[in-house]
Every structure is written in C-alpha cells, then in structure tokens.
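Work out the full structure: start from the sequences and follow the hints.
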Amino acid sequence: MNEFISNIMIGIGLLFSFFGCLGLIRLPDIYNRLQSATKCVTLGACCILLSLVIRYGFNDIGIKALIAIPILFFTSTSGAHALLKGSHISGFKMWGKSVTDHYSDDTLGKEEETTEKS
Amino acid sequence: MEWIDFSLWFLIALTALCLLRVIMGPTVGDRVVAIDIMGIIVVGICVVLAIRTGKSFLIDIGIAWIILSFIGTITMAKYLERRKLNE
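Read top to bottom, the protein sequences are chains W and X. Under our numbering, the first residue of the first sequence carries the number 1, and numbering increases by one thereafter. Under our numbering, the first residue of the second sequence carries the number 1, and numbering increases by one thereafter.
Treat the hints as calculated values from the structure; they're not laboratory data. Treat the hints with care, as some may be off.
[Claimed, not checked] No more than 30 Å apart at the CA atoms, straight line, and that leaves these computed lysine-lysine pairs for BS3-like:
id, chain 1, residue 1, chain 2, residue 2
1, W, K93, W, K39
2, X, K55, W, K39
3, W, K97, X, K55
4, W, K97, W, K39
5, W, K85, W, K39
6, W, K97, W, K85
7, X, K78, W, K85
8, W, K93, X, K55
9, X, K78, W, K39
Small disclaimer: the values here were computed from a predicted structure and weren't measured.
Next up, the structure:
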C-alpha cells in the first residue's frame with residue numbers, strides 16, 4: 001500500500017516537472033519562463049522527495065529526504081527572485097504583448113538617487 | 001521496479017529539454033534559468049536512484065547539489081545586476 005501511494009506521488013512529480021520544462025521551452029520571455037519553470041519544477045521535486053518519505057517511513061533515508069524538502073523550497077524560490085531582479089536591472093526586454101511593468105514604475109525615481117550618490 | 005526505471009529515463013529526457021534551452025537561449029538570463037532548473041531535476045534523479053538502489057548517501061548528494069546550484073544562481077544574479085558581491 002505504501003509503495004502504491006509513493007508510486008502515485010512520483011507520477012505527480014513527473015507530471016509537474018514535465019509541465020515546467022514545457023513552459024521553459026515554449027514561453028516567449030525570460031520572465032514567463034522563470035515563473036513557469038521554477039514553481040512547477042520545485043513542486044515536482046518536493047513531491048518526489050515526499051514519495052521517498054512515504055515509501056521508507058522514518059528511516060535514515062526518510063529523515064534525510066524530510067530535511068531536504070525545506071532546503072529545496074527556500075533556496076530555489078529565493079534564487080529565482082534574485083535572478084529575476086538582476087535580469088530586470090540588467091535590462092532584458094519583455095515580450096512585445098506584455099501589458100504592465102510595475103517594477104520599473106516603482107524604481108524609476110530611486111535609480112536617479114543612487115546614480116547621484118555614486 | 002519498471003515504473004522506477006521509466007521515471008528515471010523520463011527525468012533524463014527532461015534534462016535534455018533543459019539543455020536544448022541552454023543551447024538556443026537568446027540571452028544570458030535564459031541560460032542561467034535553464035541551468036537552475038536542470039539542477040533541481042538532477043536532485044529528482046538522485047532521489048529516484050536512491051529508491052532504486054536503497055542507498056542513503058544519494059540524498060546527501062542531492063542536498064549538496066541544491067546548495068551549489070543556489071550559490072551559482074546568486075552569483076550570476078549579482079553579475080547581471082552589475083554590483084559587487086559584498087554589497
């Protein structure tokens with residue numbers, strides 16, 4: 001029974017990873033690709049780790065997988081956020097059909113101050 | 001065990017898709033994103049290998065891979081931001 005549930009969890013993880021990679025290939029823009037791929041693939045890897053916990057219980061393998069879940073969650077999302085901010089400051093162009101860009105509206109006044117200081 | 005083998009080959013095919021984006025990505029940011037995603041999928045490969053072989057040190061390799069991928073992503077983000085590392 002445990003093996004059956006863990007196989008189902010592996011299937012869910014594979015599905016999420018596949019959709020994330022499909023978004024990475026098909027979407028037109030770096031920002032779209034980042035938001036699609038990071039969320040889906042992180043959830044897929046967390047599902048696969050959770051299937052390990054379900055299959056083996058609280059062994060040494062299960063405890064290590066349970067430790068790896070929050071590490072994966074926080075490092076992946078914060079790294080994606082830093083990369084998004086860096087690529088926006090670096091000036092990569094958005095897709096032509098994008099409608100709004102709140103971040104550049106917010107930081108329009110602040111960048112002049114920082115350039116004056118330096 | 002056949003299902004485990006299938007999921008292993010499926011994850012390897014997904015890393016091939018990420019390498020496709022690395023090759024044809026138009027900007028630097030696309031390549032960095034693809035490398036980051038490929039690192040997370042490799043963690044999944046390590047976990048499936050741990051299920052197949054029953055060895056527990058493969059999860060340690062996965063955790064170390066997560067942290068190294070995070071450091072690489074942060075470094076490339078700071079490089080794209082054109083700032084120093086200690087700022």
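Checked hints:
1. The suggested pairing of K93(W) with K39(W) holds, with an alpha-carbon distance near 22 Å, which does not exceed 30 Å.
2. For the hint pairing K55(X) with K39(W), the CA-to-CA distance comes to about 29 Å; that is within 30 Å, so the pair holds.
3. Restraint check for K97(W) and K55(X): the C-alpha separation of about 50 Å exceeds 30 Å, so the hint is violated.
4. For the given pair, K97(W) sits about 23 Å from K39(W) by alpha-carbon distance, which is consistent with the 30 Å threshold.
5. Among the hinted pairs, K85(W) with K39(W) is consistent with the structure: their alpha-carbon atoms are about 17 Å apart, no more than 30 Å.
6. Of the supplied pair hints, the one linking K97(W) and K85(W) holds, its CA atoms being roughly 20 Å apart against a limit of 30 Å.
7. Of the supplied pair hints, the one linking K78(X) and K85(W) holds, its CA atoms being roughly 9 Å apart against a limit of 30 Å.
8. Distance restraint check for K93(W) and K55(X): the Cα-Cα separation of roughly 46 Å exceeds the 30 Å cut-off, and the hinted pair is therefore not satisfied.
9. Annotation: proposed proximity of K78(X) to K39(W) holds, straight-line Cα distance about 22 Å (limit 30 Å).
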